[in-house]
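Chemist: Here the protein sequences come in this chain order: C and Y.
Each residue of the first sequence is one higher than the last, beginning at 1 in my numbering.
Each residue of the second sequence is one higher than the last, beginning at 1 in my numbering.
Hints were generated in silico from the structure; no laboratory data involved.
Model, not experiment: these values are computed from the prediction.
We put the beta carbon where it would ideally sit given N, CA and C, even for glycine.
It is possible that part of the hints are untrue.
Across the chosen pairs, the derived CB separations fall in these ranges [said to hold, decoys possible]:
(1) Y/R199 x C/W252: 36 to 46 Å
(2) C/W184 x Y/E202: 51 to 61 Å
(3) C/F123 x Y/Q92: 40 to 50 Å
(4) Y/Q150 x C/V46: 45 to 55 Å
(5) Y/R17 x C/N188: 52 to 62 Å
(6) Y/A23 x C/K255: 23 to 33 Å
(7) C/K255 x Y/E202: 35 to 45 Å
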Amino acid sequence: MLQVLRLFGDYLSQYFKTRLAYRADFFGELVSNLIFELINLVFIVVVFQHVPLLNDWSRDEIIFIYGYFLIPYALFTMFFGFWDFNERYIIRGEMDRVLTRPIHNLAQVCLESIAPDRIFGVFSGLIIMGYAAIKLELSFAWYDLLLFVGLVISSVLIYAGVYTAIAAISFFSDSRTGIAPMIWNIQNYGRYPVDVYNGVIRFILTWILPFAFVGLYPSAYFLRKEEWYTYTMLTPVMGLIFFSLGLFVWNWGIKRYQGAGS
Amino acid sequence: MIQVNKLEKVFRIHQARPGLAGALRDLFDRQYKTVKAVDGVSFSVEAGEMFALIGENGAGKSTTIKMLTGILTPSAGEVVINGFVPYKQREQYVTSIGVVFGQRSQLWWDLSPMESFRLLKRVYKVDEEEGNRWLNRLIDELDLGSFVHQPVRKLSLGQRMRCEIAASLIHKPKLLFLDEPTVGLDVLVKQKIREFLRRLNETERTTILLTTHDVSDIEALCRRVLVMDQGRLIFDGLLGDLKEKWGAGTEVVFQFKKRTSLEEVRTALGAADYELVPENEYALAVRIPRSQEMLPYVLSTVMSRFDVSDVKVKEASTEEIVRNIYSATGEVMVHA
Numbered sequence: 001m002l003q004v005l006r007l008f009g010d011y012l013s014q015y016f017k018t019r020l021a022y023r024a025d026f027f028g029e030l031v032s033n034l035i036f037e038l039i040n041l042v043f044i045v046v047v048f049q050h051v052p053l054l055n056d057w058s059r060d061e062i063i064f065i066y067g068y069f070l071i072p073y074a075l076f077t078m079f080f081g082f083w084d085f086n087e088r089y090i091i092r093g094e095m096d097r098v099l100t101r102p103i104h105n106l107a108q109v110c111l112e113s114i115a116p117d118r119i120f121g122v123f124s125g126l127i128i129m130g131y132a133a134i135k136l137e138l139s140f141a142w143y144d145l146l147l148f149v150g151l152v153i154s155s156v157l158i159y160a161g162v163y164t165a166i167a168a169i170s171f172f173s174d175s176r177t178g179i180a181p182m183i184w185n186i187q188n189y190g191r192y193p194v195d196v197y198n199g200v201i202r203f204i205l206t207w208i209l210p211f212a213f214v215g216l217y218p219s220a221y222f223l224r225k226e227e228w229y230t231y232t233m234l235t236p237v238m239g240l241i242f243f244s245l246g247l248f249v250w251n252w253g254i255k256r257y258q259g260a261g262s
Numbered sequence: 001m002i003q004v005n006k007l008e009k010v011f012r013i014h015q016a017r018p019g020l021a022g023a024l025r026d027l028f029d030r031q032y033k034t035v036k037a038v039d040g041v042s043f044s045v046e047a048g049e050m051f052a053l054i055g056e057n058g059a060g061k062s063t064t065i066k067m068l069t070g071i072l073t074p075s076a077g078e079v080v081i082n083g084f085v086p087y088k089q090r091e092q093y094v095t096s097i098g099v100v101f102g103q104r105s106q107l108w109w110d111l112s113p114m115e116s117f118r119l120l121k122r123v124y125k126v127d128e129e130e131g132n133r134w135l136n137r138l139i140d141e142l143d144l145g146s147f148v149h150q151p152v153r154k155l156s157l158g159q160r161m162r163c164e165i166a167a168s169l170i171h172k173p174k175l176l177f178l179d180e181p182t183v184g185l186d187v188l189v190k191q192k193i194r195e196f197l198r199r200l201n202e203t204e205r206t207t208i209l210l211t212t213h214d215v216s217d218i219e220a221l222c223r224r225v226l227v228m229d230q231g232r233l234i235f236d237g238l239l240g241d242l243k244e245k246w247g248a249g250t251e252v253v254f255q256f257k258k259r260t261s262l263e264e265v266r267t268a269l270g271a272a273d274y275e276l277v278p279e280n281e282y283a284l285a286v287r288i289p290r291s292q293e294m295l296p297y298v299l300s301t302v303m304s305r306f307d308v309s310d311v312k313v314k315e316a317s318t319e320e321i322v323r324n325i326y327s328a329t330g331e332v333m334v335h336a
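Given these sequences and hints, build the entire structure.
Modeler: Okay, structure coming up:
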């Protein structure tokens with residue numbers, strides 16, 4: 001684990017080294033990323049101006065949840081950017097190489113497809129949360145910061161677990177997987193208060209594909225919605241469970257890996 | 001060092017039905033065909049050996065190598081290498097081996113080889129000082145100095161291949177797998193790589209396993225050869241024995257002063273155990289399988305009947321032996 005962290009630094013510095021090799025590209029992308037996030041920010045604020053109350057949730061509370069959601073989501077896409085896993089590692093056979101190196105294969109795949117520029121998503125999230133927090137006149141204690149970090153990590157683990165399990169399907173089936181877009185759509189629901197949905201969807205978003213733990217449940221704590229506190233407490237547990245599950249499916253898939261012909 | 005016992009790998013391949021209707025049926029009822037890519041292969045290898053695994057495309061070489069390197073899990077049988085079971089203790093095991101897949105790169109495309117080496121040193125937790133000394137030796141012996149700081153994508157195939165070999169050795173493995181390392185390289189680069197491998201084997205006692213289609217690789221490097229066909233090991237022994245078993249035969253090439261047809265030579269020689277192969281209008285080869293008294297007879301008969309300007313006597317090359325093996329096993333397959 002320690003070695004993976006150290007390698008993370010090495011990969012990161014290599015990433016920037018390659019990016020900096022194309023100077024114009026690097027600054028171009030930096031600027032376009034910033035502009036993209038800015039437009040996103042404006043867009044969110046404008047759209048939510050038109051959203052009336054949803055159940056018992058005020059507009060600013062919904063904005064807050066959305067802001068929270070952006071943070072684990074950005075971190076997740078930063079570290080788990082292997083959306084082309086099937087194509088790149090299975091069909092093109094890069095997995096062979098990964099398996100002949102002495103680091104856990106999932107860690108290697110993550111390191112190789114790391115996308116540090118997603119960090120801007122974290123900033124946007126923080127700005128949106130800050131904006132909503134001021135509007136709602138929320139107050140925080142010092143330990144809320146620690147809780148926040150812990151909850152964000154747990155949320156990332158949930159995403160990571162589900163996504164890893166989906167990517168691992170590639171080990172079992174040689175065809176391209178069509179499940180990913182569906183999951184992608186479902187995860188969108190997690191960023192809104194789940195009690196606006198009917199019971200079935202709520203159940204799914206809580207226990208099957210627990211994307212409510214990536215948005216609503218953890219932010220409910222900071223919004224001081226005590227009726228959701230149990231779920232907030234469950235966030236780290238769900239994070240660990242789902243990440244372990246994802247890892248388990250992945251490791252199982254590795255055993256079934258058939259390699260690409262050469 | 002390598003112990004392989006009754007190794008087996010079975011692939012289950014989905015058989016797609018033809019047409020749209022077939023595709024619809026496939027949705028609900030899939031048909032599978034099982035293919036034994038590797039079938040009961042056993043052999044053992046001592047430390048410091050250099051040996052080649054040869055066979056036609058699809059003979060099971062790559063699958064075998066992938067099981068030996070821990071990439072694939074065998075369906076049955078045992079593999080123990082350097083005291084590890086590759087697919088079970090993968091992460092510890094791979095620190096003791098180096099792998100070069102000729103068709104695939106392990107270098108970072110946008111980085112220079114030097115940066116890749118540095119990253120790999122971290123991956124393998126190589127001691128900084130000793131690692132550098134070893135790396136300098138690799139760079140020196142493989143002659144990488146002039147391009148080691150250029151991005152990999154700007155290197156020629158030969159340069160890249162030498163870097164690949166250096167990259168696979170960064171952690172000083174005891175065992176090196178080379179899967180078709182000389183594919184598409186020119187003679188000079190091949191020569192360089194072979195010399196390097198031989199020296200590596202001599203000085204570090206590195207065990208080297210080579211799969212190749214290039215017979216000259218085998219002749220230059222290996223004493224021991226394993227031949228695979230249709231998943232089975234059909235030969236395991238010294239290169240010399242292989243020659244004797246499959247290639248005991250001699251070829252005599254006659255160069256005539258006048259145009260000479262096959263038929264003329266055939267009538268002159270009469271019915272006997274030989275084969276005529278025309279080279280051009282003025283030359284033809286007589287292939288004589290294993291009979292020792294045939295050679296003087298062929299030589300004297302042809303020389304006395306025709307105007308011969310030149311005679312070459314060739315012993316069968318390894319290349320031909322390999323061709324013999326492949327075509328012979330091909331026949332076996334047809335009859336079976």
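Chemist: Which numbered conditions among the earlier hints are violated in the structure presented, ordered from lowest to highest?
Modeler: Number 5 - this is the single hint that the structure violates.
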